[in-house]
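2 protein chains.
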Amino acid sequence: MRVLILGGDGYLGWPTAMYLSSQGNEVCVVDNYFRRFACVEKDVPSLFDTPNLFERARHWQEVSGKEIMVRIGSVADYPFLLDVFHEFKPDAVVHYAEQPSAPYSMLGHSEARFTLENNLLSTLNVAYAVKETDPSIHIVKLGTMGEYGTPNIDIEEGFIDIEHKGRKDRLLFPRQAGSLYHTTKIQDTDLLYFYVRVWGLRVTDLMQGPVYGIFTEEMGGDEDLFTVFNYDEIFGTVLNRFIVQAVAGVPLTVYGKGGQTRGYLNIKDTLQCVGLAIAHPARKGEMKIYNQFTETFSVNDLANAVQRAGKDVGIDVEIKSVPNPRVELEDHYYNPVHTGLLDLGLEPTLLTNNIVAKMLESVIRRKDEIRRDIIQPKTQWN
Amino acid sequence: MRVLILGGDGYLGWPTAMYLSSQGNEVCVVDNYFRRFACVEKDVPSLFDTPNLFERARHWQEVSGKEIMVRIGSVADYPFLLDVFHEFKPDAVVHYAEQPSAPYSMLGHSEARFTLENNLLSTLNVAYAVKETDPSIHIVKLGTMGEYGTPNIDIEEGFIDIEHKGRKDRLLFPRQAGSLYHTTKIQDTDLLYFYVRVWGLRVTDLMQGPVYGIFTEEMGGDEDLFTVFNYDEIFGTVLNRFIVQAVAGVPLTVYGKGGQTRGYLNIKDTLQCVGLAIAHPARKGEMKIYNQFTETFSVNDLANAVQRAGKDVGIDVEIKSVPNPRVELEDHYYNPVHTGLLDLGLEPTLLTNNIVAKMLESVIRRKDEIRRDIIQPKTQWN
Numbered sequence: 013m014r015v016l017i018l019g020g021d022g023y024l025g026w027p028t029a030m031y032l033s034s035q036g037n038e039v040c041v042v043d044n045y046f047r048r049f050a051c052v053e054k055d056v057p058s059l060f061d062t063p064n065l066f067e068r069a070r071h072w073q074e075v076s077g078k079e080i081m082v083r084i085g086s087v088a089d090y091p092f093l094l095d096v097f098h099e100f101k102p103d104a105v106v107h108y109a110e111q112p113s114a115p116y117s118m119l120g121h122s123e124a125r126f127t128l129e130n131n132l133l134s135t136l137n138v139a140y141a142v143k144e145t146d147p148s149i150h151i152v153k154l155g156t157m158g159e160y161g162t163p164n165i166d167i168e169e170g171f172i173d174i175e176h177k178g179r180k181d182r183l184l185f186p187r188q189a190g191s192l193y194h195t196t197k198i199q200d201t202d203l204l205y206f207y208v209r210v211w212g213l214r215v216t217d218l219m220q221g222p223v224y225g226i227f228t229e230e231m232g233g234d235e236d237l238f239t240v241f242n243y244d245e246i247f248g249t250v251l252n253r254f255i256v257q258a259v260a261g262v263p264l265t266v267y268g269k270g271g272q273t274r275g276y277l278n279i280k281d282t283l284q285c286v287g288l289a290i291a292h293p294a295r296k297g298e299m300k301i302y303n304q305f306t307e308t309f310s311v312n313d314l315a316n317a318v319q320r321a322g323k324d325v326g327i328d329v330e331i332k333s334v335p336n337p338r339v340e341l342e343d344h345y346y347n348p349v350h351t352g353l354l355d356l357g358l359e360p361t362l363l364t365n366n367i368v369a370k371m372l373e374s375v376i377r378r379k380d381e382i383r384r385d386i387i388q389p390k391t392q393w394n
Numbered sequence: 013m014r015v016l017i018l019g020g021d022g023y024l025g026w027p028t029a030m031y032l033s034s035q036g037n038e039v040c041v042v043d044n045y046f047r048r049f050a051c052v053e054k055d056v057p058s059l060f061d062t063p064n065l066f067e068r069a070r071h072w073q074e075v076s077g078k079e080i081m082v083r084i085g086s087v088a089d090y091p092f093l094l095d096v097f098h099e100f101k102p103d104a105v106v107h108y109a110e111q112p113s114a115p116y117s118m119l120g121h122s123e124a125r126f127t128l129e130n131n132l133l134s135t136l137n138v139a140y141a142v143k144e145t146d147p148s149i150h151i152v153k154l155g156t157m158g159e160y161g162t163p164n165i166d167i168e169e170g171f172i173d174i175e176h177k178g179r180k181d182r183l184l185f186p187r188q189a190g191s192l193y194h195t196t197k198i199q200d201t202d203l204l205y206f207y208v209r210v211w212g213l214r215v216t217d218l219m220q221g222p223v224y225g226i227f228t229e230e231m232g233g234d235e236d237l238f239t240v241f242n243y244d245e246i247f248g249t250v251l252n253r254f255i256v257q258a259v260a261g262v263p264l265t266v267y268g269k270g271g272q273t274r275g276y277l278n279i280k281d282t283l284q285c286v287g288l289a290i291a292h293p294a295r296k297g298e299m300k301i302y303n304q305f306t307e308t309f310s311v312n313d314l315a316n317a318v319q320r321a322g323k324d325v326g327i328d329v330e331i332k333s334v335p336n337p338r339v340e341l342e343d344h345y346y347n348p349v350h351t352g353l354l355d356l357g358l359e360p361t362l363l364t365n366n367i368v369a370k371m372l373e374s375v376i377r378r379k380d381e382i383r384r385d386i387i388q389p390k391t392q393w394n
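If you read the protein sequences in the order shown, they are chains A and B. Just so you know, we're using the working numbering here: the first sequence kicks off at 13 and counts up by one. Just so you know, we're using the working numbering here: the second sequence kicks off at 13 and counts up by one.
Be aware that a few hints might be false.
Same chains, same label: a pair holds when it works inside one copy or across any pair of copies.
[As the list claims (entries may be wrong)] Taking lysine-lysine and the DSS-like style, the derived pairs with C-alpha atoms no more than 30 Å apart in a straight line are:
{"#": "1", "residue 1": "Lys143", "residue 2": "Lys101"}
{"#": "2", "residue 1": "Lys101", "residue 2": "Lys332"}
{"#": "3", "residue 1": "Lys269", "residue 2": "Lys143"}
{"#": "4", "residue 1": "Lys78", "residue 2": "Lys54"}
{"#": "5", "residue 1": "Lys177", "residue 2": "Lys269"}
{"#": "6", "residue 1": "Lys300", "residue 2": "Lys177"}
{"#": "7", "residue 1": "Lys180", "residue 2": "Lys300"}
{"#": "8", "residue 1": "Lys390", "residue 2": "Lys296"}
{"#": "9", "residue 1": "Lys143", "residue 2": "Lys390"}
{"#": "10", "residue 1": "Lys370", "residue 2": "Lys78"}
Note that these hints are calculated values from the structure, not bench results. Computed from a predicted model, the values in this text were never measured in an experiment.
Starting from the given sequences, assemble the full structure and let the hints guide the process.
As structure tokens, then:
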């Protein structure tokens, strides 16, 4: 199969490219290097230096014998994107090409505007490019569990059967996100759902939880194939941040009470899920929605897991609540359904003590390179 | 009260400006003349020539003694908008500054992109300008009944109480629109609801049905105070189009079966509703949502009403189904609640035979100016 990966330079994009390439697919990656530039602009480097996409693709070809095509440009630039579609002729598109950070989207007007414009125009352009070149192309879109927020009812997979005043309908599950970034993902869902119904596009929308982890099979310990690994307050995800904080000897930054509960998954499972989505495409005029995570944890659960694993590797981990910079419930009901991907064959990589310990060990080797000044939260939601 | 009207040159914007001005408010109108330029670009003129905003404001001052401040620029241009907020210091903002046509948004990529970018950035900018200058400013946002689509359950006013698997919550009513334009209005709701919750903004979101009518009290038959009146397939709303078709001797263009049912209101009632919304502002951190229409009709109902009234004014009106250019249900359940604005004191102007006849008579005087070539639908949804 020919798979086009938009946002192929990102934390998930590059590992997805290698994973799908190693499975025998023809892969093309597209990126505008936004994340690289933003990390420089905000002075929040990755723990690992990552070669650029051309360099990584060349190195991947050396070690695997497989080619990954690279095109640098913005998915929000429609003529560029259309050229890529005409040239590569994908069977499936994996759309990661969005500004992915909630804190970044809350920094100020300029960042909010960029997030809104980039994320929505890129999604519009993908829909149009598919319609213009080949409406049978399957779009796999990365959404987020954050679209649902934390309602007081069970969260279904995308749609909910509502019985109201004696009548029934199956409608999109109501959404209410906790950041502008997450709100743009709701808006993406609105947008794609519309074009699915009107143009008969084929879309799978993956409501992904926060991802943790460093390594995938395809990296094989080869540093030149590593993915970007942020641990700062803007681009770092919570468990990755805790791992680095533990190694740096900084108390784990639990926001507020720490009862905030979300569905998490290992980076290896992201690759499995995207692979499964591609292997089970939506039909013409269908939008499949899956809740993509394997386990739910509160922030306190994650902090405790890192503290426990710390003992195994000889680190004494301190946990400390800091004032919550976000506007969110710190103690709430949370019970999202997540059987769809399991039914397709997902084999979860669970968050064992062993996995946390291995992450800690990998980061310990880089201990001297950790920038302690970029760890504390600064971006205020209001 | 000081009221800033964004999109003050539009079909509803200018009448709203005069209405609020006549009630003793200080009014400032902002517009980028998008609609004027688009009507030239697409060659779909208004039935009435309308002087530009400066000319109309001067004329309004001559006849009423009241000043309306005019600023020309784009609400999507944040520095410009911020200057207007700093200068005018509004108590309330009425946000009409959006690309308002469903067919326009379906013309092609360029128009879709403009609609998405303009409508969302303008709404983002309004939220930011309010937060930056005075978070107590009440935002009155024009949404659309089209956000809800045509679900098989009763449509509540913005929110719905859901009981699911033994638990309850009150959430946004699920939305599913029928055009890209309507989808951007869903996205606006998502956006404002987010900032209401995080920044404590005060927002009223008016889910308005299609508006019909030509005249308001403030115009007083003075042609230089008339509002833009489109009857083409892009910018004309259905009843206004039928009136012009009847006068032009063209069969009324009922799309498909004509069972498509929507909630309608007279342009005079739009002014009442916006006035009522301003007089009953949302509290800090509250988003009020009202369904803004007075009566529901199917397209066939409207065609029959024009045919009946035609007899009274001596016109023989023909009705003819044309292939539906849109993707929509032509026969469906439709029962939206609309008690909120009535409870605030809305006195509906109902669609009587007399009102239709008066519209017909007004258009008959312009019969020779009607462009018959812009009446038939051309824009295909898919």
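Hints and how they fare:
{"no.": "1", "hint": "Lys143 to Lys101", "result": "within (13 Å within a copy, 45 Å between copies)"}
{"no.": "2", "hint": "Lys101 to Lys332", "result": "neither (51 Å within a copy, 44 Å between copies)"}
{"no.": "3", "hint": "Lys269 to Lys143", "result": "between (47 Å within a copy, 28 Å between copies)"}
{"no.": "4", "hint": "Lys78 to Lys54", "result": "neither (35 Å within a copy, 50 Å between copies)"}
{"no.": "5", "hint": "Lys177 to Lys269", "result": "between (39 Å within a copy, 28 Å between copies)"}
{"no.": "6", "hint": "Lys300 to Lys177", "result": "both (28 Å within a copy, 22 Å between copies)"}
{"no.": "7", "hint": "Lys180 to Lys300", "result": "both (21 Å within a copy, 26 Å between copies)"}
{"no.": "8", "hint": "Lys390 to Lys296", "result": "between (45 Å within a copy, 25 Å between copies)"}
{"no.": "9", "hint": "Lys143 to Lys390", "result": "between (42 Å within a copy, 19 Å between copies)"}
{"no.": "10", "hint": "Lys370 to Lys78", "result": "within (29 Å within a copy, 74 Å between copies)"}
Hints 2, 4, counting from the list given before, are not met by this structure.
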